[in-house]
Amino acid sequence: MTSPVSAVVDASTASFQFPEIYSFPPFFTRQPNEATWKEQRRQWCDLILAYYRHNRLFSMSLAEAVTEPPFANRQIHRALRVDVLREIVDELVKQGHASWTGARNSKDSCLLFWRKPEVWASMIHQWANDRGMLNTVLTLFELASGDDTIGQEFHGLDSTTLRKALDILQSQGKAQLFVGTSDEDLGVKFFT
Amino acid sequence: MEVAELGPTQRPLLRSGEKIICIQNKVGLYQGAERDLEHDCGTVYLTSQRVFYVDQERPRERSVMVWLQAIQRCTLHGGFLYTSSKIHVHLRAAAERQDGGDSSGSSRGSGGAGADPAGSEWTCTICEHANRGASKCALCGVARQRDGSSGSGGSGDQAVVRCPACTFDNHASMARCEMCDNPLAPSGGSDATADGSGSGNGSGNGGGPDVSADSGEYPRLRTAEQARAHRTSDDTLMLLKLSFRGGGATAFFPALREAVSNAVWLVVGFEGSGATAAAPTPPTLPPTAQQPLATRRPTAGGISTIVSAAHESSRARDVTLRSAFSDLDALTEKANEIVSMAEHIATQLNSPAASKLRGGGGSSGSSDEDSAARADAFRQYVLDLGIDSPVTRDTAGAVFHDELARELCDYLENYVSQRGGSVALVDAYCLYNRAREFALVYPADFVQACGKFEALQLPLRLRAYPSGLLALEDAAGASDARVVERVAAYVRSFGPLMATDLAAFDDCPVTLAEERLWLCERAGELCRDESVEGVRFHANAFRRRGVDGVY
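Order-wise, the sequence lines are chains A and B. Once you know that position 22 of the first sequence is 22 in UniProt numbering, the rest is easy, because the numbers rise by one and skip nothing. Once you know that position 159 of the second sequence is 159 in UniProt numbering, the rest is easy, because the numbers rise by one and skip nothing.
FYI, nobody ran anything at the bench for these hints, they're computed from the structure. Note that CB positions come from ideal geometry on N, CA and C, so glycine has one too. Misleading hints may appear alongside valid ones.
[As the list claims (entries may be wrong)] Which chain A residues face chain B? A few, computed with CB under 8 Å, are given here: (1) I21; (2) F24; (3) P25; (4) P26; (5) T29; (6) Q31; (7) N33; (8) A35; (9) T36; (10) Q40; (11) Q43; (12) A79; (13) D83; (14) R86.
[Stated by the list, open to error] Take a look, some chain B residues computed to stay more than 10 Å from chain A by CB distance: (15) A33; (16) Q72; (17) S85; (18) W122; (19) C163; (20) M174; (21) G302; (22) H311; (23) A439; (24) E454; (25) Q457; (26) D474; (27) R536.
Chain A extracted, bound-state conformation (with noise of 0.2 Å):
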């Protein structure tokens, strides 16, 4: 979980490198054959979850998606079928890497979780005690925004999946949330 910050200064700058396998025209091609579409889809997972985690984005809307890399390779004119993605999505969804949002059952868009809130959770809970920030009460918008946490991973976070890392942390007891007068100014406090 130490995260340099050399390392992930070099990891944006750098562009990402799409496996060979995203340059295979069947790749964007749902495969009727069980077996192959099982393999399929697992190399579909590992590769938005490399490429969202390089980028550090959080979110996904499926229709928009669609159009970008990584799910349309302008170079072979091959482009994911929405319906196709959206299987991919509930599969990482059912890995406990993605959840859905928006409306109940419209699968349009979600959040991907390319690190498990459990892990953000213990990231942030390591860098308050390292920062004898304990006991102290940190708003939400200055753990995700604030100065002191520039060049940390969780740094720009999305404020669902913090939110989420800190509810696994207050259910743990290693903190607490205090409601303001509206969702942006929830504050916390760390213990131990």
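Could you slot chain B onto chain A? The hints should help.
Structure of chain B alone, referenced to chain A:
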């Protein structure tokens, strides 16, 4: 009765020009009055030359046949309660039968009603002159002596009658013993010759003048009981009963009677095919027939004119139609001739001389090989020309689909194996119907017959692909694994394939190529790429990666 030769699909092998007229299953045979347990249940084929019995249980060993010329007359006996209806077939005597049957290709034809004296060779007992045909010796004029040993000719045991009193061996023609003057009875105990002369006397009941002279042992008697049973009276010796346990006797009988009456003529007609072809001239309308009406045209008007004009136009139409169809009749007549000509060419190409010609040509280089290949191709075309005696619903009745399946197999087996062991059913249907000339089969019958391949243990199979495409496959040849292997090899060497590409490689219809690709996809060997161009199949790269576990 003789042992019948069967084809690979257990149908009787027909001679050229022979046609199947009627087929009936579940028929048992009676030899004389006794039920023949070895031939108890089978299928009877009536052809234009023979009657076949093909046993259901053991077709190879127990199938027999009788030449139609050997049949003297036949009668129908209806069934009653538990007795199934039977056809009694009265056979001619054995020697005559053999003559009639075996010499169907020889050059005789002047004999009266097929009961002519034998065309076989015989040796005069007096002067030892080798005669041919005639009933008297050409050299000494002594009448031919017909004793049972026509073929074996063992002179030692021939014509010996042992005197019951003094045991002296007398010549057969002696009425009294040369030694003791005791009257020699033509007793049945000694051997076949004495027996033969005895039974010959009793057989004056039917037909020709030669019957009394013929007295050969019934050729295919199996057991001693049966032999004795037949010896008791000549009537039973020559009687064969067909018991129709599955019905159909009433339909079979008229066909049999007609075939028997036609049989003699068919044989004669067959040997001189050129002569007979000219004989049945197409029915042309005499040109004078319509002239009187034309000249009687009334000059006045009125209703009668209108009526007669209508009459005339309808008559003209009639004439046109009839002449059109008479052309068609002529074509039908010629079709037979052309098929026989083609068969003739085919046999010539097949003959040893032709093959020697082809074999000898190997020394002088590739052009001869080329011509040999061409000759082979030509022979194939000729062989493909037609089916001589197609199975129809009329001839086969209840066993129609079974018989059709057998014929299909006979006809299509080569074709299927040439096409890599798999042919779309539609193609097979077209090809088969083209070969049948006029007697076309319905698609439904065709499919039903194809469905019976497995039950009849024939070497083809009907296969329904998941998409609904039906195909005929070689039962042994085209296993899925081999198809998958071959297609995967194509993809490896030529890159991604579309169905049209594979169709070009395999020389098969696109639908079938598509099925083969899908088969490979199901096997996990290929994966698809759908785009605006169509569906293209690639080697399955996912699988390889899955093994490696990249990322």
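Confirm or reject: A33/B is not an interface residue toward chain A, with every Cβ-Cβ distance exceeding 10 Å. Since the minimum Cβ distance to chain A is about 69 Å, A33/B lies beyond 10 Å and the statement holds.
Distal placement of W122/B relative to chain A, Cβ over 10 Å: Since the minimum Cβ distance to chain A is about 78 Å, W122/B lies beyond 10 Å and the statement holds.
No chain A beta carbon within 10 Å of R536/B's: Violated: least Cβ distance 7 Å, not greater than 10 Å.
Evaluate the condition: distance from the CB of E454/B to the nearest CB of chain A exceeds 10 Å. holds, 28 Å
Please settle this one: G302/B was flagged as non-interface, so is its CB more than 10 Å from every CB on chain A? Nearest chain A Cβ is 81 Å from G302/B, so the label holds.
For the restraint on P26/A, tell me whether the closest CB of chain B is nearer than 8 Å. holds, 4 Å
Any CB of chain B closer than 8 Å to the CB of N33/A? holds, 6 Å
Does the nearest C-beta of chain B fall within a distance shorter than 8 Å of the C-beta of D83/A? violated, 13 Å
Against chain B, run the beta carbon of F24/A and see if the smallest gap drops under 8 Å. holds, 5 Å
Given T29/A as an interface hint, is the shortest Cβ-Cβ distance to chain B below 8 Å? It holds, given that the least Cβ distance between T29/A and chain B is near 5 Å, below 8 Å.
Regarding the assertion that H311/B does not contact chain A, is the least Cβ-Cβ distance greater than 10 Å? Per Cβ check, H311/B is outside 10 Å of chain A; nearest 71 Å; holds.
Quick one: work out the minimum CB distance from C163/B to chain A and report holds if it exceeds 10 Å, violated otherwise. holds, 95 Å
The structure shown violates the earlier hints numbered 12, 13, 14 and 27.
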